[in-house]
Each structure stands twice: as C-alpha cells, then as structure tokens.
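Q: Line by line, the protein sequences give chains V and Y.
With the UniProt record's numbering, the residue at position 132 of the first sequence is 132, and numbering never jumps.
With the UniProt record's numbering, the residue at position 230 of the second sequence is 230, and numbering never jumps.
The hints are simulated quantities; they were obtained by calculation from the structure and are not laboratory data.
Hints are supplied without guarantee of correctness; some may be wrong.
Each pair may be met inside one copy or between any two copies, as identical chains are not told apart.
[To be verified] Taking lysine to aspartate or glutamate and the EDC-like style, the derived pairs with C-alpha atoms no more than 20 Å apart in a straight line are:
(1) Lys113 with Asp81
(2) Lys54 with Asp172
(3) Lys54 with Asp43
(4) Lys115 with Glu126
(5) Lys113 with Glu96
(6) Lys54 with Glu17
(7) Lys115 with Glu96
(8) Lys54 with Glu118
(9) Lys113 with Glu101
(10) Lys54 with Glu126
(11) Lys54 with Glu44
(12) Lys115 with Glu101
(13) Lys54 with Asp150
(14) Lys54 with Glu122
(15) Lys113 with Asp249
(16) Lys115 with Asp150
(17) Lys115 with Asp81
(18) Lys113 with Glu83
Listed here are the chains, written in short residue letters.
2 protein chains.
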Amino acid sequence: MTTKSDTRTVTRVTIREVAAAASVNASTVSRVLNPATRHLIGDEVVRRVLAAAKALGYRQNRLAAALRGGQSRVIGVCLPDIENPVFPPIVCGITEALAAEGYGVLIANIVGKIKEQERQVEQMLERRVDGLVLATAARQDPLVRRCILDGVPLVLVNRGEDGGQVPEVVNDDFLSMRLAVAHLVGLGHTRIAHLAGPQRLATGLSRLQGFQIASQQHGVAGSVVVEAAEFTREAGRAACERLLDAHRDVTAIVAANDLIALGCYEVFAARRIACPGAISVIGHNDMPLLDMLNPPLTTLRIQHREMGRQAARLLLGRIATPSAAPLRITLAPELVIRSSTAAPRAVSRKTAGVGAA
Amino acid sequence: MTTKSDTRTVTRVTIREVAAAASVNASTVSRVLNPATRHLIGDEVVRRVLAAAKALGYRQNRLAAALRGGQSRVIGVCLPDIENPVFPPIVCGITEALAAEGYGVLIANIVGKIKEQERQVEQMLERRVDGLVLATAARQDPLVRRCILDGVPLVLVNRGEDGGQVPEVVNDDFLSMRLAVAHLVGLGHTRIAHLAGPQRLATGLSRLQGFQIASQQHGVAGSVVVEAAEFTREAGRAACERLLDAHRDVTAIVAANDLIALGCYEVFAARRIACPGAISVIGHNDMPLLDMLNPPLTTLRIQHREMGRQAARLLLGRIATPSAAPLRITLAPELVIRSSTAAPRAVSRKTAGVGAA
Numbered sequence: 001m002t003t004k005s006d007t008r009t010v011t012r013v014t015i016r017e018v019a020a021a022a023s024v025n026a027s028t029v030s031r032v033l034n035p036a037t038r039h040l041i042g043d044e045v046v047r048r049v050l051a052a053a054k055a056l057g058y059r060q061n062r063l064a065a066a067l068r069g070g071q072s073r074v075i076g077v078c079l080p081d082i083e084n085p086v087f088p089p090i091v092c093g094i095t096e097a098l099a100a101e102g103y104g105v106l107i108a109n110i111v112g113k114i115k116e117q118e119r120q121v122e123q124m125l126e127r128r129v130d131g132l133v134l135a136t137a138a139r140q141d142p143l144v145r146r147c148i149l150d151g152v153p154l155v156l157v158n159r160g161e162d163g164g165q166v167p168e169v170v171n172d173d174f175l176s177m178r179l180a181v182a183h184l185v186g187l188g189h190t191r192i193a194h195l196a197g198p199q200r201l202a203t204g205l206s207r208l209q210g211f212q213i214a215s216q217q218h219g220v221a222g223s224v225v226v227e228a229a230e231f232t233r234e235a236g237r238a239a240c241e242r243l244l245d246a247h248r249d250v251t252a253i254v255a256a257n258d259l260i261a262l263g264c265y266e267v268f269a270a271r272r273i274a275c276p277g278a279i280s281v282i283g284h285n286d287m288p289l290l291d292m293l294n295p296p297l298t299t300l301r302i303q304h305r306e307m308g309r310q311a312a313r314l315l316l317g318r319i320a321t322p323s324a325a326p327l328r329i330t331l332a333p334e335l336v337i338r339s340s341t342a343a344p345r346a347v348s349r350k351t352a353g354v355g356a357a
Numbered sequence: 001m002t003t004k005s006d007t008r009t010v011t012r013v014t015i016r017e018v019a020a021a022a023s024v025n026a027s028t029v030s031r032v033l034n035p036a037t038r039h040l041i042g043d044e045v046v047r048r049v050l051a052a053a054k055a056l057g058y059r060q061n062r063l064a065a066a067l068r069g070g071q072s073r074v075i076g077v078c079l080p081d082i083e084n085p086v087f088p089p090i091v092c093g094i095t096e097a098l099a100a101e102g103y104g105v106l107i108a109n110i111v112g113k114i115k116e117q118e119r120q121v122e123q124m125l126e127r128r129v130d131g132l133v134l135a136t137a138a139r140q141d142p143l144v145r146r147c148i149l150d151g152v153p154l155v156l157v158n159r160g161e162d163g164g165q166v167p168e169v170v171n172d173d174f175l176s177m178r179l180a181v182a183h184l185v186g187l188g189h190t191r192i193a194h195l196a197g198p199q200r201l202a203t204g205l206s207r208l209q210g211f212q213i214a215s216q217q218h219g220v221a222g223s224v225v226v227e228a229a230e231f232t233r234e235a236g237r238a239a240c241e242r243l244l245d246a247h248r249d250v251t252a253i254v255a256a257n258d259l260i261a262l263g264c265y266e267v268f269a270a271r272r273i274a275c276p277g278a279i280s281v282i283g284h285n286d287m288p289l290l291d292m293l294n295p296p297l298t299t300l301r302i303q304h305r306e307m308g309r310q311a312a313r314l315l316l317g318r319i320a321t322p323s324a325a326p327l328r329i330t331l332a333p334e335l336v337i338r339s340s341t342a343a344p345r346a347v348s349r350k351t352a353g354v355g356a357a
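Could you put together the complete structure from these sequences and hints?
A: In structure tokens, the structure reads:
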C-alpha cells in the first residue's frame, strides 16, 4: 500500500519545472501566474507558460500568494445555528456570490456563549480572512464592537445591530408587519396579537415596532403583544399559552417567525382550538414544508438567498473601499397566503349565544 | 472618518515587539508560539513570552505557520445542497468536532456539474486544505477518483462510493429497511412497495437492496419497486403516481427518503386517498417538522450530527496516518413511529363489499 502523503509531496510541481518546460525564467512564471503582474509579460510567453503549467498539473499555492499579497481571498461566515432553516439558504447565497469572485468561505457555527464566539472569530482572523459576515449579531454585540475596533471588514446579515456603524443586509420587517396586519384587517380582524421574538435581537425589536406602527395605522384598538423568549417552537408555545390565558378575545396572531407560529399550532392542537376557524395565525420567513402543515401556514417570505448574495457583495465592496459609509440594505418580503388565516367568526353570532356552533 | 484597513495595518503587532517586551530574541518567541518547539524553551521564559504576546494583542499568522509547517489546519467540506435538510446537521457535527481540535472549515455548496465541482475542489486544494469531507459522492465519482490520484486525505459522509478505497461514514441502510419492513409486516401488510432513490447514489442503491433483502426475509411476496429520479418531493410525486397507477393493491410504501414520502402525501391529497386508512407510508432521515404534518410521518431517524462528528474524526486520523486502511463506519438508524402507518384495511371487509366504510 502506498503512502498517500508521500505521493502528494512527490507529485507537487514547482514553478521551476514550469519555467523549464516553457523555456523561461522562474520569475517570468511568477509574473504570469499573478493576475496583477501578468500584463508585464508578452502574450506569446503568457500562453506558453499557462500551457506548461496546465500540462504539468501545476497548482498555485494560495497561502503563499496570500502572504505576499496581504489578501487571503477567504471570507469568514459566522452562524448562530445552521440547523435553523433560515440560515442554509443565506449561506447558499453567500457562497454562490463569493465563489463566483474566486473567494473561499470559512464557516463557523457558533453555538456557545460570547467567549466561544470570540475564540472562533479569533481563529478566523489568525487565518487572515479578508472579512467577516456575521449572522449572529445581537442588538448590542460585543463581538461586533471588537471587530470594529480591530478594523476587520464586516457585514451583518439577517440580524442588524443598534450601533449603525456596520453595513447590514436585512429583511424589511416594517413592510412584513404592514402586509401581515393589512391582510388580517382586510379579513375583518380587530383583536390582533403579536407574539414577539426576543427583544435583544434586531429582528425581534423591528417586527414588534413594525406591528405597533401597522396596528396604529389601521386603527386596530385591541392589539396585544406577548414576547417569546427565543425564536423557537417551545418558546412560541409558552408565549401562545400566556397570550390565550390572558386575552380570550384575540382572533388573530402575527408570530415573529414561523417556529413561534408552529408553537401556536401545538397549543391549538392541545386545546382543540380550530385554526383558522376560531383563530388565525401568520408566520414569518417561509421555511420549508409550511405548505404541508395542517392548515398550511400563511407567512411572510423573506429573500434568504438574495440576502446572502447582497451581504457577500457588500463585504467585497467594503474590503475594496474600507472607508465607504456603512450601507443598510433592506429586502422586501412577500405575503404568502395559505390556509391559516380566514375571516373571524362573526361577532353577531357570538353575542347571539350560538356558542360552540 | 478613519480608514479601517489603515487602522488594522497599524495595530498589527510583530514578533519583534513581543520579543522586546519579553526581553528575549525573536527566534525564542517563534519557538514558544509553535507548539512543536515550545518544549525547547524553559517554563519561565514561555510564561513571559505568552504574557507579553497577550498583553500586546499579538495575533499569530496561521497562513505563515501553515506555509512553514506544511499544514493549514483547515478542512474542506463539499455539499451537494445545503438547503436539503439532511446536510445542515451533518455540517454542524463536522464543524463541532473540527473546531474542538483547532481546525477551520472551508465550505463549498456544489450545485453545478462535475466541471464546477472540480473547479471548487481545485480552489480548496490551492488553499492547501489538509483534507476533504465530501457529502457529494456518487457511486462512481470522478472527483473522488481524482482526489485519490492526487493523494488528498479524503472522507465521504452520508453517501459512499463503490470503489471502497475511501473511508466513509454512512447510515446503516440495511438496518433502516429491516426496521421499516418489520414494522409494516407487524401491522399486517403484505403488499409493500419501495419508492427507491436514484440508483447512481449509494444511498439509493443500499436502501433498495436493504428493502429487497428485508422483504425476502419476511416472506413478503408482493413487494414492488419504483425508482424516483431524485431525492425530491417532485420526483417522489411522479414515482408515487406511477406506482399507484400500476399497482392498485399496494397497502404500504417505504420511501427512500422523507422528501419522496412527502411527494406521496401530495398524490394522496390529489387523489383523496386516506393515509394511513387506505395506504401507509414510511419516510427516511427524520427531517424537521415531520411531526406536524397531517398525518405525522413515520420515518427512520438517522444520526446526522454524529455522522458529521465521526467523519471529522476519521479525516483527522487519516491526515495523521495516511497509510491506514480505509474504514467504513455505519451508524444505526432508529424507527420513529408516528401516524402515517397503520394496519391495512382487512381484506375480509374489502371482499365482503363494505366499500367506503
């Protein structure tokens, strides 16, 4: 059995060998292989060198190039939870846009506390990433502060930060809530509740503010807010229980994300509450399989992939021009109407004592 | 406004500065910072150098260390589709196990054809990854062949390869099928169909073979196989339609994955076929939200995360000992019984003409 690592070392082709095959100096080969200096060499020689490199199977060493040129052409991406279905399509958009520009993506799934986050980001910086895309930001984020102080090119995606000093690509949560409330008001609802996300995250805050503004605009007097501790099914269930215990007259719920809405479904099932018959619910994000639930969930579809693509482009721009003002890009969501929203039971029937009918 | 990149360059601390602060030579600092040579230096000096490095905010340059030491401590991970819910938890397991060992993860989401796959893997090799985890393998995979020839340390995850020359970590698909068929036979089914996955992938083939063996063992005479072109809902729907058109007596379906089972749900809804009343169905993988479908889907839960963790460990072992024989690790699945499987309608009732009762 051959030793793979031996094979690998033995077959590694050097610049000298390429130079010999193309009958030029090694320095000429270096200049040809570097896009920044290729124009210094005549076309005929460039062609000959590239042909020799290809024929010999020469592989550029990008680490050496990164050390010389000061750019690794690698970007670090930090995620709070790759298993939350919001993030894979964002990663997909980021890698797609960066691969097209010849950039690699170092990924970190940062599940731990701030210390662990710092450790992983520190490792990325030791690997000389050219910049970072953070999907992990809280509204007050020590890691973001630190990257700013360190002068690391940085873009936030999906979740923004309060400081406003960092470029970000996020969903237009105000528009989301305007679309959600308008849909419910159009159906005839007047007692509408918002199951808010955690207020330490920008998405939690902006959806809550958006809900309050939209409720005011539509003159919805009976709007109620209950905060879920996390963007999860479990937290959604707990928040929904508190809501229904305290506010029996609510006929519609705008959940801050789909998982919170799924927590509502669990409560409805446990309490035998008909949806949308007795109560309507709207999610947020449009994660996979919502169309197959019972009932299929009405939700706001966010542009996950485009968010990732835009974040990648914004970061490349930032690396090229670090002094540019930090842009904030918002992408428009789309209301996807399925079967979890319907007109409320007529009040007249209720007051007429039809009861369980 | 300050220019970030300037700030960054200015604040970068050198080994010389650390040496001056610790009153030692620069070469001593280098030896202390390299785990392989640290033992050459006395404990007191090691402590002084590390304290000075920390106080000054010295950041190691891992690119330079990688060039010197020949190891980048970065692993490349190639995925066929990060949006397929099988892969995020696998990535999670890989990054978790590698981060614990100080390794970074370069990720590529390889959606294109073989040329694009080769281009992305080539870039990873130019970045001098120490090894690759491929979740993209087909049974006959040119990319795997090429990595073997290139002597790149390599581990396959989730999908194996026919050659058997590469270590792999996969689900025990034979056990999956044994559990599925035993469950259905236990309920009284005798006309059982398999909606197979694409046979160019190892998961497609091994689940089919597992189904055939399990059917034989249980003496199921009336087993039928129809192949889905892809592991997707759409392909599952098409395959289910073909199956039901050709074999009206089938009472249970073992789908090669959850998405194919969801395709069956779509056909059942369109044709008003009751599940599990008229037909039972079992999925494979246990992707998120199956418990909230109507009916909740019975499935085989695979150990996604553990698969990722094992693949990472196997690769690190491979890098340390390239000549070791290629292991194949299989992980045991677990049958998760929900509500999409039930006893078939009694044949006696059927023949007695009770009809729709």
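Q: Now tell me, hint by hint, if it's right for this structure.
A: Hint check results:
no.	hint	verdict
1	Lys113 with Asp81	within (13 Å within a copy, 29 Å between copies)
2	Lys54 with Asp172	neither (48 Å within a copy, 42 Å between copies)
3	Lys54 with Asp43	within (16 Å within a copy, 50 Å between copies)
4	Lys115 with Glu126	within (16 Å within a copy, 32 Å between copies)
5	Lys113 with Glu96	between (29 Å within a copy, 14 Å between copies)
6	Lys54 with Glu17	within (12 Å within a copy, 43 Å between copies)
7	Lys115 with Glu96	between (30 Å within a copy, 15 Å between copies)
8	Lys54 with Glu118	between (41 Å within a copy, 14 Å between copies)
9	Lys113 with Glu101	between (33 Å within a copy, 18 Å between copies)
10	Lys54 with Glu126	between (32 Å within a copy, 14 Å between copies)
11	Lys54 with Glu44	within (16 Å within a copy, 52 Å between copies)
12	Lys115 with Glu101	between (32 Å within a copy, 17 Å between copies)
13	Lys54 with Asp150	between (40 Å within a copy, 15 Å between copies)
14	Lys54 with Glu122	between (37 Å within a copy, 13 Å between copies)
15	Lys113 with Asp249	neither (40 Å within a copy, 56 Å between copies)
16	Lys115 with Asp150	within (17 Å within a copy, 39 Å between copies)
17	Lys115 with Asp81	within (16 Å within a copy, 31 Å between copies)
18	Lys113 with Glu83	within (17 Å within a copy, 26 Å between copies)
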